[in-house]
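Asks: As a plain string of letters, each chain reads:
2 protein chains.
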Amino acid sequence: MRSDANLTAERPTYVTNLECSATGEHYPADTLQQLSQAGKPLLVRYDLARIGRELSRDAIESRPSDMWRWRELLPVRRKEDIVSLGEIETPLIPIPRSGGANVLVKDEGRLPTGSFKARGLVMAVSMAKALGVKRIAMPTNGNAGAALAAYASRCGIETVILCPEDTPEANVREIALQGGRVWRVNGLIDECGAIVAEGTRQGRWFDLSTLKEPYRIEGKKTMGLELALQLGWKLPDAIFYPTGGGTGLIGMWKAFDELEALGWIGSERPKMFAVQAAGCAPIVKAFDEGTDHAERWENAHTVAAGIRVPKALGDFLILKAVRESGGAALAVEDEATLQAVADAAGQDGLLLCPEGGATLAAYREALADGLVGVDDEVVLFNCATGLKYPMPPVENDLDRHQPIDFDAL
Amino acid sequence: MRSDANLTAERPTYVTNLECSATGEHYPADTLQQLSQAGKPLLVRYDLARIGRELSRDAIESRPSDMWRWRELLPVRRKEDIVSLGEIETPLIPIPRSGGANVLVKDEGRLPTGSFKARGLVMAVSMAKALGVKRIAMPTNGNAGAALAAYASRCGIETVILCPEDTPEANVREIALQGGRVWRVNGLIDECGAIVAEGTRQGRWFDLSTLKEPYRIEGKKTMGLELALQLGWKLPDAIFYPTGGGTGLIGMWKAFDELEALGWIGSERPKMFAVQAAGCAPIVKAFDEGTDHAERWENAHTVAAGIRVPKALGDFLILKAVRESGGAALAVEDEATLQAVADAAGQDGLLLCPEGGATLAAYREALADGLVGVDDEVVLFNCATGLKYPMPPVENDLDRHQPIDFDAL
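From first to last, the protein sequence lines are chains Z and R. Be aware that the first sequence starts at 41, since it is given in our numbering, and climbs by one per residue. Be aware that the second sequence starts at 41, since it is given in our numbering, and climbs by one per residue.
The following block holds chain Z by itself, in its conformation from the complex:
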């Protein structure tokens, strides 16, 4: 009980194979893979028919509520490969004043290292450990790097992490403190990714970039699994998701299909809203223009560093999910994002990160434009704790050696 108090029990696993997300070509599970031969992301496939026969919703609900309750729908075979830092189920928090009576925030800032990146990285690092990887590299806008450093250091895997030079200071420092070899690069995340790719070609490390290996998406998928369970096996009417690389959106869409195949939910789906910043909105542009792939966004800039991703490898998967769902891709101005952060904190006591603020701003615009109704049940994803980001300064000093003007306090 004691020393593995936060770990899952041993469970049977059901992974059958990996599959190219573009061509459907199969690849063997339990081998180290990056992209498919078509250069596209690989997806993990499970024997869902057998899971459906051998597992029930009630069994899942009776387990401890961390993300390992979903073990049969996850790729890690052996309990001892799980490199856990306590991946709790994140709470759904109403924001009635700043959002509305039917708006819930899924507060992903409660996860290890303070962001939803922990979901993907705990899975990818556990699988890397299981498959014998000794050195990992990755580009990051901050939070993914922090999660990678923490999990990798915990199991003795070396990491090289490259981030844009203006990545939030807290992110860079936590990566280093958690044992990552972190470098500030004079470029954006895809330009950092190009350096990682070159090192990968040279055989220097395993590449853990978004969607360049099959397992981060399996971790992110648990956001969709959790949401279904937390809402009584019924999905919300709409989901607003801050979209950079889009792994979480793609992952949730996959999760909903798997839950339906198990017979645990029906065929209804939430409208999926991919939220981007007006200063970096490649998915929004592609959505509006009706194309399947997105062009690189030049001169990307936004206060929401986490969604400053000029080019996403999974663009076609994001666009497909958004369109199938009847949702949309929406761009919001930084000013609206910062106002949303201030409103949620000041009125509902919930400190969002800028990317989370962007989802509230997008919800407000979608409501005004009639894309969602005021009675629709809506979930906004706050992808990280707001504490990592700059907050407005305070200039209130009180001299206790002078008479106190209590009326002014």
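Any given hint could be a false lead.
What the hints assert, rightly or not - So, partial list: chain R residues that the calculated Cβ filter (under 10 angstroms) puts toward chain Z: (1) Ala62; (2) Ser124; (3) Gly126; (4) Thr130; (5) Arg137; (6) Ala186; (7) Glu231; (8) Gly239; (9) Trp245; (10) Asp388; (11) Leu407; (12) Leu411; (13) Val414; (14) Lys428; (15) Pro430; (16) Asp447.
To be clear, the hints were calculated from the coordinates, so they are not data collected in a lab. Don't be surprised by glycine CBs; every beta carbon is placed ideally from N, CA and C.
Take the given structure of chain Z and dock chain R to it, following the hints.
Replies: Same frame as chain Z, but now just chain R:
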């Protein structure tokens, strides 16, 4: 289900009265109270015999795992008074490399506003709301103020929050962003408290200072309740707790007595170690000198801002619990604290706050001094997320326009 997805069900309540912690004098429940007439903290009493007949450990375990599963042992009568921001059960995380095979960290940084202060403040603010309070004031070293501002803003209660001028910048800013009226004062927390007390005498606000009202301790008590449940209704051999005002230590000690009265645990208790900084160690001095009360510590200084409390109102309750438990009060140097933070982050991937680092440093010293054994099961309390505190700077720049020296990465 939806809009109160994170709230408890309606439950019966069992509060009987309030009781002076020094004289045993009774006071009526469900009325607004500060200190007892003897100037000492009031404790909440319950009809434990009836709870024991009507509630079981199994019933508790079958509920959602947030802190409201303990509702019968908590003071809030009506569900609608609970001002929740998602008070999850915090995980226990092994730190085998930096701590040892039997060392678990209870990671309180996962709570709303990133610290264990949320436990006390959600309870005190919910009760203040229930009892009609409109304006609250409090001194803080940072985290308590952040929690107060968040919960109070959420239910429309105005707050005035006073902190030492060198309180961590992130704390001051989050208090303001979350709607608190925050003032930096040229003094320590007890000197801020004197200003709050003067305003209380003038009838300007309700005083939510540590132990000056009965409910913060009831919230903090849930740390002890959770620990018992998480460890299979068996307490650890030792608890290391960062001690400023000491509410949590007093609260856990009360929780253990209540659990024993219910017959849910036996009479065994952990050794309680009250951890202070060498630069502010009034409880350690009183413990070493065998006195019941502690003198104010002059010229208090430490990097662990949260435990820079020169004078604790509950000193006699802290000292009583520590002595009854067979534990000790221990002081650690800032250098050892910062080394412990670096070790836990770099070796186990867990970013502790300085106060949490102090508990690891104290554990190491207690182990060296034979106060605990290497086989003892130990729980360290990491009272807040490490992300709020300064971290060492990083000087690693990489110019992507120059040839990359991959061997140097």
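Asks: If you test the structure against every hint from before, which numbers come out violated?
Replies: 1, 11, 12, 13
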